[in-house]
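Participant: If you want the building blocks of each chain, they are given just below.
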Amino acid sequence: NAGVTQTPKFQVLKTGQSMTLQCAQDMNHNSMYWYRQDPGMGLRLIYYSASEGTTDKGEVPNGYNVSRLNKREFSLRLESAAPSQTSVYFCASSEEVAGVNSPLHFGNGTRLTVT
Amino acid sequence: AQSVTQPDIHITVSEGASLELRCNYSYGATPYLFWYVQSPGQGLQLLLKYFSGDTLVQGIKGFEAEFKRSQSSFNLRKPSVHWSDAAEYFCAVGARGYSTLTFGKGTMLLVSP
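Read top to bottom, the protein sequences are chains A and C. As numbered in my numbering, residues 1 to 115 make up the first sequence, in order. As numbered in my numbering, residues 1 to 113 make up the second sequence, in order.
Just chain A, same shape as in the assembly:
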């Protein structure tokens, strides 16, 4: 049982380049999330998708776009990468949106460096 799978694991970009981070879950969860983790900042929500066909901004959405491709997949796109986007990115999923019995299940992260 793979759970939440993120690709790639590592990526180095130059300023201005674009890329897409991929995320897929095999738990039939309705809700999916993208977080970034920076030292001393904890986890900050970038975007989330409460259900297939919907997406909403989180705490730090600027510079990012997302696509909920289907129930399984939720991608995060950086259109023009900036050094401030150097971070570790985590995808997560849950049965329902932050509900009573819906803990988040996390992938292992993508470590992105923008030079």
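No wet-lab data here; the hints were simulated from the structure. Hints should not be assumed to be uniformly reliable.
[Said to hold, decoys possible] With a straight-line cut-off of 30 Å between C-alpha atoms, the simulated DSSO-like cross-links for lysine-lysine are:
(1) A/Lys57 with A/Lys71
(2) A/Lys9 with C/Lys68
(3) A/Lys9 with C/Lys49
The hints should help you fit chain C onto chain A, whose structure is shown.
Facilitator: Chain C in isolation, oriented as in the chain A frame:
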């Protein structure tokens, strides 16, 4: 606005000693409370959760946490720490009607021999 505070950035505990990690929250609604653990290079793993009922909840790996409404706290405890417990620990809070969880900034646990 909702917030979660983990007052300790780093804690060092001797192997075999007891552990308590602090978490305080500010939420307008009845909270749902979680503790997650993150080992180096890994994603976050759920340790335990509290929704309602008994205020002392048991989790995996011998951890427990107690919800104290009067103190707005949900502290994580373990009677005897093992070297493999060295990791970063995150408290998170949610509530019905809120779409996402709010995470604290984490506490890094170091275990000394």
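Participant: Does each hint hold? Answer for all of them.
Facilitator: Verification of the hints:
1. A/Lys57 with A/Lys71: Distance ~18 Å between A/Lys57 and A/Lys71 Cα, so the pair holds.
2. A/Lys9 with C/Lys68: violated, 39 Å
3. A/Lys9 with C/Lys49: holds, 29 Å
The structure shown violates just one earlier hint, number 2.
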